[in-house]
Each structure stands twice: as C-alpha cells, then as structure tokens.
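In the order they appear, the protein sequences are chains A and B.
In terms of our numbering, the first sequence opens at residue 1 and continues consecutively.
In terms of our numbering, the second sequence opens at residue 1 and continues consecutively.
Calculated from the structure, these hints are not laboratory results.
C-beta: ideal position from N, C-alpha, C; glycine also.
Check before you lean on any hint, since a few could be wrong.
[Said to hold, decoys possible] When the alpha-carbon atoms are kept at most 25 Å apart in a straight line, the in silico DSS-like pairs for lysine-lysine are as follows: (1) Lys155/B - Lys94/B; (2) Lys94/B - Lys86/A; (3) Lys76/B - Lys86/A; (4) Lys248/A - Lys177/A; (5) Lys154/B - Lys76/B; (6) Lys177/A - Lys297/A; (7) Lys86/A - Lys11/B; (8) Lys284/A - Lys274/A; (9) Lys249/A - Lys265/A.
[What the hints assert, rightly or not] Rough simulated footprint, nothing fancy, chain B against chain A, three-plus residues with beta-carbon under 8 Å: (10) 44–57; (11) 80–87; (12) 314–323.
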Amino acid sequence: MLYNPADAKLDAEKLPEDFQMLGKGLQYFVASVQEVRALAKALASGDLNAALPSSGNELAAPLKSLHASLRHLTWQTYQVARGDYKQRVNFMGEFAVSFNMMVEQLQENRVALINEIEKSDRKALELEQSNSLFAAITAEISQWIIVIDRNTFEWLFSNHTPEIMLTREQFQSQLEKWLVHYVRRFNDEESAEQTGLPQPAARKESMSVEMELIHESEVQYFGVRIYPLQWQDRRALACVLSDISDEKKHMLELEDYAFRDPLTKKFSRHYGMKTLHEMLAAGKSFALCFVDLDNLKYVNDVFLHVEGDAYIMRIVKTLDEFAPDAVICRLGGDEFMLIAEGWSMEAAEARLEELRDALQQDHNTPEAKYSHSFSYGVVESGGTEDLPASELLTLADEKMYAYKRAHKVQRGAPPGAAPAAAEHSLGK
Amino acid sequence: MEFDNVFSIPKHSHFSWEQLGDIKEGRGDLGEEMPVLVYRLMQYTMLDVLGHVYGEDVANEHFRAAGHLAGTEFSKNVLDLEVDFDAFVANLQKSLMDLKIGILRMEAFDPETGNVVLTVGQDLDCSGLPITNENVCNYDEGFIAGILEAYTGKKYDVREVDCWANGDRVCRFNGRAIS
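Excised from the complex, chain A in its bound form (with noise of 0.2 Å):
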C-alpha cells in the first residue's frame, strides 16, 4: 500500500473466517488512503477540480477542509482582482493576516491611484480650459505673439501668420531680420549685464522698441516688446508686436503741422527758434544765414500768388542744395532761415553766393517772366560775443539788408527778356 499501491490487492473471502472482518477493514483503509493520496497529488499539482475522496472517508476529512478553502481562496482571489477589495480571509493563522494585509494594500494603493488619477483629470482639464483661454485669446488680440529660440532663432509660436499682421509680402524679411538682430542684441546685453561690463539697459526684464518696415514709399510701424522666457526647455523670447501705422502716422501728421511750414514743407519758425536756442545752450559753433527772396512781392502782385508759390519752391530748391544737414526754416513770408552746423561764416557766404548765381544762370534766362534771385546775410556762433537767438537772427538780418541794398536786382523780366503779360502788369 505504501511502496506499490497498485499492486496492494486483497481479497478478503479468502481469509480465515476469524480474519475476514480485518481483511475488509483493511479494504477500506487502503480504499480511504488511496482516495486522500489522489486528492493530495491533484492539490500539489494545482487541480482543484480533481473528484473529491468520497463520503464518510474521515481520513480525507482535513485535506478536503483544505481543498474547500483553497477553492475559496481561489474565489477570494479572482475577486480581489475584479477589484473586491472587501474579501478577507478568517481562520487561517498567519496566510489569513498577509492576505489580508496585501488586500489592505491593494485598496489603500488604489484608492491613492484613484486619487491621484482623479487630481490629475483635474490639472489635465484645467490645462485644457487654461489653453483654450489661451489659444482663444491670442487668436482674438490684435497683437502678433511671436516665440523665437535665442539660440536657433527658429520661431517657436506665432499667434497669427505674415500673411495677415503684414501689409506687404516684402515686409516678411525685413521683419526676421530685425528679430535676429534683436534677439542678438538681447543676448550680447545679457551676456555683458553676467560678465559685469556696463551695458545700456537691464536687458533681464524686458525691452521696448519700435520697428519700421519699409519697402518703396510704403511704411508699416510696430511698437515690439520682448520678454525673455523659459519654454519647453528652451531659452526663448516672446516678441509681442502692435501695429502702430495708424498711431506713427498721425504723429507725424501732427509733428508736421507743429513743425512745418505747409507750402513748402521746411521747418517752421517756431521749429527753427527752438533749434537755434538749443545749439546755443549747447554750445555748438554753426552759421545761422538769414535768407530773403528778391521780388517776391511783385510776382505775387503782378502773376498773382499761384506763380509767387512757384518762385518760392524754386528758392527752396536752391537752398536744398546748401548741405543735405543744413536746418532750413521758413520764417515767414519771403524771409527763410538756414542753420548749418560745423559751417564757418565765410564758407557759408561762399556757399550762399555760389548757389545765388547758379539760381540766376538756370532761371533768369530770356524767356524769363522776372528775375530770381535772393539776398542773405550770415553771422557765425560761438564769436567773443555771446549772443542771444534772437539778437543773432537781427545781425543777420541786418547783413541781409545790407546784401539786398549793395545788390539790387531788377524787378521784371531780366534784360533781354520779354515783357510781362499785359493782364498782370495792373497789380494787385
């Protein structure tokens, strides 16, 4: 029955009658103690569905006991597993408190999962509502939001395109060229700000300039404002653009109108003051010339003011010519102020009187209607006597009318020119 339970045969008729009540004791014995070594070879091999010892065989009784709660254990698992973490195993000495510990476990882990998952729906959906706030924000501002890597100079984020915040196609070159240059320029002043040497600006905030883009006589103006920042492990800047055209145009418009002279745009008398005030508290040596038409009374009287206009363009013309730096004032009238910066009297005189006969030679020709010509006078800064503005623009006036009374130009047509139209000899 031990060694060979095959072979452990016994027929109990065949025994002593005195025997056979123990021959068929021994049946059962060996009968119960193959059933429970059945059992216990399918436990041992993981079989909990092997046929169980049958009834009555008490000798089997603990090992079914321990089938019957490994079948349970089983059931207990899979429903841990299903996420039943309510199941607790009872009477089952120390397995009993590790299981049940591990179960404790499961659910406190799980419900820290739950937890976390649930705090991370939470973030996640709040990141979605920041960046649709975010994306439907830079979608609706007039702004340009432009992200550029300071290393690559790639555009990290662009809340428009070209297409729409330019108002010429060329504008897209100059436009990346100016942010590579700034970026640049951003990163050499932070680098000079780390290395100590002095630098313009604290370059670390943010910074504030107005770009032009300019393509044949059309102009487009951006006030931009650049912010450094941290992005996506990348050092970048946010370059916020706003279209000023409207605002730059208007300025200038108005500067205009405060500073110069509507016919023939040259600076006002106001303007030309304020310029010579300044140059004499700063102490600059220039040449202030006062100039004055000749005869621009009678054109006017004589082929009326729309020919007086003329002359006077053609004047201006000439006084371009004088040096391109040269401060050009109309006073008033007939009467015009130049400031030239760096000129000596002499060399302005020289300057004056040269462009006067060149004035003449091109204008007062035979077919001329009158002559063209003007006076001047010129007096120099920074001379032993300190001056003020306005006793200076006297001296020059005064030099001016000495000029006109040493030269005296004819009035009309020059000599050998024809007569001036009957209609307007009457004057007016």
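Keeping the supplied structure of chain A fixed, place chain B upon it in accordance with the hints.
Quick look at chain B alone, frame taken from chain A:
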C-alpha cells in the same frame, strides 16, 4: 374574564420577524446569547420527535422548509438586497460570522446560470457532531436557498455534498438556480 379579546394578535405558530420580540429587554441580565448546546438540544429533539411522527425524510423536508422561511426573513430583515453581488456576499459572510452561525466561504459563482458552490465552516448545526455517515444540515440547505432566492429572485435547490457528520471538516453546499 367575561369578555373576549377582540384584537387580532398573531399567534407564535405564525412566524413573523417582529414576533422574535425584544430579546435585549426581555433578557436584561442573561443577554442575547446562549450556548450552541441549547440550540442543538432543541433542534435534534425536535428532529427526533418529528422523525418518529412523520418519518425521517418528511422530518428533514420540514426542517428544510423551516430553514427556507428563516433564510427569507433573515434576508429581508438583516441583509441589504439592493447592493451588487460582491457586496451582498461580503455582508452575508459578516452577518453569519457576527451571529456565530458559521464561516461562509464562496468557492464558485457562475453569473450566467446563477449556480453557486459554498462552504460553511464551524457550522452551528453540525460541527463537532459524531460521524454518522450522513448529511444533516437540512435546515442550512433551506436557509441558504431562502437567502439566495431573496437576493436573486430565482428559485434555488441547495444540497449539502460534504458534512461534518459525514466525516468532513466543512460543510459544502451546491446551489442550483431553477429559473
């Protein structure tokens, strides 16, 4: 008394949960619990009498029917029948343990058919009985069937396949749903 009591008071031969009475108040000193011995004394003397009067099989049937009534009333008055199956089983296990009826353990449940295999350890009716090579938990069979029917709404036939009195250490029951 020359007058009859006209109020209708159900007799104790007609079971209702309320008729169990206020045990705590009635047994202020002795309390709500008593030894298992007393329970078994009543159960097996009753089985003896009924068996002698009606025969063993009929007596067992009556015991099963009484258990079914107990299971039905127990479910209605103690258990929550609205929760899902897992919670229902957990509550049932706890209630049976709290009331010291036995240690219920599920072995298998087929959600398709509703068939169930479960064991009851340290059973109130039989654990520790001498082995007589018979299954004696007829009352439990009815009790379990009553509970399953109350929860699922299906009719159940529950049979004990292993029993302490048959040499086992736990009582195992097969419950078959009859639609």
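Run the structure past the numbered hints and jot down the numbers of the failing ones, going up.
-> 6, 7, 12
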